[in-house]
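Number of protein chains: 2
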Amino acid sequence: MTYPNWLSQRSYLSGERMALSFEQQQWTFSEINTIALDYAGKLSALGVNESSRVAVLAKSTPEFVFVLYGCLHLGCEMVMLNERLSSNELAYQINDAEVAFILVANVLKQKVDDSRVVLFGEIENAKSVQFEPQQQWAKDRTISIMYTSGTTGHPKGVRQTAENHFSSAVSSALNIGITPEDVWLCAVPLFHISGFSILMRSLIYGMGVRLYEKFDADQSAEEICNGSVTHISVVGVTLERILTSVEQASMQASDRFKVVLAGGGPIPIAYMKRAKNCGIPVLQTYGMTETSSQTTTLQVADAERKIGSAGKPLFLYEVKTEKLGEIGEILIRGPQVTPGYIGKFSEREVQQDGWLHTGDIGYLDDEGFLFVVDRRSDLIVSGGENVYPAEIEKVLSAHPAVQEVGVCGAPSEDWGEVPVAFVVLQKEVTAEELLAYCREQLASYKVPNQLTIVESLPRNASNKLLRRELRAWV
Amino acid sequence: MTYPNWLSQRSYLSGERMALSFEQQQWTFSEINTIALDYAGKLSALGVNESSRVAVLAKSTPEFVFVLYGCLHLGCEMVMLNERLSSNELAYQINDAEVAFILVANVLKQKVDDSRVVLFGEIENAKSVQFEPQQQWAKDRTISIMYTSGTTGHPKGVRQTAENHFSSAVSSALNIGITPEDVWLCAVPLFHISGFSILMRSLIYGMGVRLYEKFDADQSAEEICNGSVTHISVVGVTLERILTSVEQASMQASDRFKVVLAGGGPIPIAYMKRAKNCGIPVLQTYGMTETSSQTTTLQVADAERKIGSAGKPLFLYEVKTEKLGEIGEILIRGPQVTPGYIGKFSEREVQQDGWLHTGDIGYLDDEGFLFVVDRRSDLIVSGGENVYPAEIEKVLSAHPAVQEVGVCGAPSEDWGEVPVAFVVLQKEVTAEELLAYCREQLASYKVPNQLTIVESLPRNASNKLLRRELRAWV
Numbered sequence: 001m002t003y004p005n006w007l008s009q010r011s012y013l014s015g016e017r018m019a020l021s022f023e024q025q026q027w028t029f030s031e032i033n034t035i036a037l038d039y040a041g042k043l044s045a046l047g048v049n050e051s052s053r054v055a056v057l058a059k060s061t062p063e064f065v066f067v068l069y070g071c072l073h074l075g076c077e078m079v080m081l082n083e084r085l086s087s088n089e090l091a092y093q094i095n096d097a098e099v100a101f102i103l104v105a106n107v108l109k110q111k112v113d114d115s116r117v118v119l120f121g122e123i124e125n126a127k128s129v130q131f132e133p134q135q136q137w138a139k140d141r142t143i144s145i146m147y148t149s150g151t152t153g154h155p156k157g158v159r160q161t162a163e164n165h166f167s168s169a170v171s172s173a174l175n176i177g178i179t180p181e182d183v184w185l186c187a188v189p190l191f192h193i194s195g196f197s198i199l200m201r202s203l204i205y206g207m208g209v210r211l212y213e214k215f216d217a218d219q220s221a222e223e224i225c226n227g228s229v230t231h232i233s234v235v236g237v238t239l240e241r242i243l244t245s246v247e248q249a250s251m252q253a254s255d256r257f258k259v260v261l262a263g264g265g266p267i268p269i270a271y272m273k274r275a276k277n278c279g280i281p282v283l284q285t286y287g288m289t290e291t292s293s294q295t296t297t298l299q300v301a302d303a304e305r306k307i308g309s310a311g312k313p314l315f316l317y318e319v320k321t322e323k324l325g326e327i328g329e330i331l332i333r334g335p336q337v338t339p340g341y342i343g344k345f346s347e348r349e350v351q352q353d354g355w356l357h358t359g360d361i362g363y364l365d366d367e368g369f370l371f372v373v374d375r376r377s378d379l380i381v382s383g384g385e386n387v388y389p390a391e392i393e394k395v396l397s398a399h400p401a402v403q404e405v406g407v408c409g410a411p412s413e414d415w416g417e418v419p420v421a422f423v424v425l426q427k428e429v430t431a432e433e434l435l436a437y438c439r440e441q442l443a444s445y446k447v448p449n450q451l452t453i454v455e456s457l458p459r460n461a462s463n464k465l466l467r468r469e470l471r472a473w474v
Numbered sequence: 001m002t003y004p005n006w007l008s009q010r011s012y013l014s015g016e017r018m019a020l021s022f023e024q025q026q027w028t029f030s031e032i033n034t035i036a037l038d039y040a041g042k043l044s045a046l047g048v049n050e051s052s053r054v055a056v057l058a059k060s061t062p063e064f065v066f067v068l069y070g071c072l073h074l075g076c077e078m079v080m081l082n083e084r085l086s087s088n089e090l091a092y093q094i095n096d097a098e099v100a101f102i103l104v105a106n107v108l109k110q111k112v113d114d115s116r117v118v119l120f121g122e123i124e125n126a127k128s129v130q131f132e133p134q135q136q137w138a139k140d141r142t143i144s145i146m147y148t149s150g151t152t153g154h155p156k157g158v159r160q161t162a163e164n165h166f167s168s169a170v171s172s173a174l175n176i177g178i179t180p181e182d183v184w185l186c187a188v189p190l191f192h193i194s195g196f197s198i199l200m201r202s203l204i205y206g207m208g209v210r211l212y213e214k215f216d217a218d219q220s221a222e223e224i225c226n227g228s229v230t231h232i233s234v235v236g237v238t239l240e241r242i243l244t245s246v247e248q249a250s251m252q253a254s255d256r257f258k259v260v261l262a263g264g265g266p267i268p269i270a271y272m273k274r275a276k277n278c279g280i281p282v283l284q285t286y287g288m289t290e291t292s293s294q295t296t297t298l299q300v301a302d303a304e305r306k307i308g309s310a311g312k313p314l315f316l317y318e319v320k321t322e323k324l325g326e327i328g329e330i331l332i333r334g335p336q337v338t339p340g341y342i343g344k345f346s347e348r349e350v351q352q353d354g355w356l357h358t359g360d361i362g363y364l365d366d367e368g369f370l371f372v373v374d375r376r377s378d379l380i381v382s383g384g385e386n387v388y389p390a391e392i393e394k395v396l397s398a399h400p401a402v403q404e405v406g407v408c409g410a411p412s413e414d415w416g417e418v419p420v421a422f423v424v425l426q427k428e429v430t431a432e433e434l435l436a437y438c439r440e441q442l443a444s445y446k447v448p449n450q451l452t453i454v455e456s457l458p459r460n461a462s463n464k465l466l467r468r469e470l471r472a473w474v
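Residue numbers (UniProt numbering), protein chains in the order written: chain X, 1 to 474; chain C, 1 to 474.
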């Protein structure tokens, strides 16, 4: 059970089509394949081979894509590191994954102090050896590994196979459609499934990617309105900024522009109405690292009628709740679902009876629309980033002045949600000191937006923290 | 390894979209699913079940689609009978397939005299029983069986699985693109892979099918030019008639019309130029029953530059020749390739080392374009129908007055090719008598267009018929 090598096949079948564009530069599939082969040869010279597992840490630049595609040709597993994580957080993932190499963009070299580091500059300067790529890729080959936390606060490395990515790309195409002229604007992180899946779709569809190092609302608005891109992935906060830019310039989306794919929780209906006025179709999507991106989507036509819904599954997915027709844990089945974890959690079964137990709570209405009513492990989604309360609680609990701590999400106009913390002290300390401590240990988006010192935390009879009551305190 | 039931899933996900249209009637995916469930219940009442193998014989009408979709829900294997075959030819396939039921459109009932026949009228009148469709389809489930002949003149029943059809539909989408607004005009036979694959794409994409009972050049031209359809499958002869109609009416293809998919051998460059003048993009395709339709396609942009080429493979296919870079037998690999035959040939391996050996001879040029230089078993393709010389020779040889016979293809302006026969007699008989005999035994399109009585046939040293020399006689 194999696929033809996606890079080679695309170069062969649509070599002259635009594969990647960044600022003023662009590369065709033929050109990018040549570069990827060269990078594979360079990595090979540095000792990376098909049985290597490598970690990659970079910003969204063409060099990052070249390294990823070089690794794809080589056949090695890639652990996608989040550049916003603290050094401690990165070290945990690198060690759990037991990687052979850590490929790091020069600008991020201070993030990782490890003998396994190879800087992008060293890769570029390496003397490429002749390299013959595998022409067949096994379907169960692990392409990427992304860490995601859970109830325990310990991030788990989620495997995403060639079949996961392929099925996800196909299901998306069967939902949104594809044409040879499509260009997807990618200003979401490549180390997240939201961005990585754009690259996978690019190779599978023969579709152009317009890559941004950083999200830029005005430029995104400009490209949506002049038709130089057809798709864009956003979260609520970035959508809002694009809409403001389009509105301020009194522009309208180009006829060539097709759809905004909006993740990270339901989009406020006010945004949906503003988008409609700008001629911008917005498809809301619910998905996760374990399902290799989109699982369900809410069509534009249903957005008003089904406010707050996550929509219906993509073609190859099935979604149900534990007890049919009732509120319960959301279960997902399909070829996009990860086969499991690596590292410390590699023994943990990710599927039960073929179904992924998401931990999210929801229900399907009588028309089969999914509503997510409570998220796994009290997940906070802040500007598209997943933030797990347990992870922040673990850090704060370790502070000598802290007796106990509870974290929950608070609504935020900009970010959708932000984390806030409630702390019971055992020694004197200021909230500011505790926040400074958090900033050392955690990625900035995980640092509580507010930290309140309280007398005690709401707990139930068996002493379990009642996070719902915490949220009522907000 | 399963798929969600395609009919149920499409009804759930895009129930309100148009699934089928015929003359003035149309049905949405929700409606057609309800009908299909009703037909499944009726067929169930008549004794058909998921372990049944049924043969289906009908013209391209909505009822035919309802029966097919009912069978899909039931999970039974469908032997697709060619309504143009003679009763003898049909009997061979029915017996080889050992079907439990033969579902026959009322208008064709004189074609089959068999106790297993159930007429469509009987199905419609049956009292439907409550029926719960399978919600999961195994990937290796055999959906359809189509007979195709070969060197021996004995038709072999080719299995096409759910995975074959799904992969074929996906590969086509990755090549041509898909959008939710697509409507495919189907005036090619549903019992051939060319037509059947349109139905499969419809279910997988959620795409509308505009069904014609008979090809109609003027109506097809009208629909291409008014934009009520976006795709159409043709062979050379039907393309030419459509072009003539468009030209006579001084029309142009609608902007909404996307592509003509042209099978049955290379399209004359004169047609390609006429199509271009009419604004009609023509994609030439090479495929076969064993590959579940399209294997390679020649893009519009390459048509003039690569006259006579069959193009490049679809994304999930690999194509090579036996000796790399040289003329040789064409080998094909991919998830669209049949796992094998049924009946008398069920033991025959269809793949060797994972590759389908097509019997066709060809080469790949330095850019990777496939050229087919000689077709399997001296195959004659006449108006899109495959005609195997050996099959006609077998029939004529059985005539008491015939000593030996050789059949080959002759060029035809209308049909691309037509079969012609050369006969050596052992008793007195006229050519007209022999042709009348053929008409009793063979589908009309297989009856030689011309039959010449000769002294001897060209044979080589080992007495093998030299069909190339025969062709030189034409």
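It is possible that part of the hints are untrue.
Chain copies aren't distinguished; within one or between two, either way the pair holds.
To be verified - Here are the simulated lysine to aspartate or glutamate pairs, DMTMM-like style, with alpha carbons at most 25 angstroms apart:
1) Lys320 to Glu124
2) Lys344 to Glu31
3) Lys306 to Glu31
4) Lys306 to Glu63
5) Lys139 to Glu413
6) Lys139 to Glu163
7) Lys306 to Glu181
8) Lys320 to Glu31
9) Lys139 to Asp353
10) Lys306 to Glu83
11) Lys320 to Glu16
12) Lys306 to Glu367
13) Lys276 to Glu181
14) Lys139 to Glu122
15) Lys306 to Glu16
16) Lys214 to Glu247
17) Lys320 to Asp218
18) Lys139 to Glu349
19) Lys394 to Asp140
20) Lys273 to Asp140
21) Lys323 to Asp353
22) Lys273 to Glu181
Quick caveat, the hints were computed from the structure, so don't treat them as lab data.
Exercise. For which of the previously enumerated hints does the structure constitute a violation, in increasing order of number?
Worked result: 1, 2, 4, 5, 10, 14, 17, 19, 20
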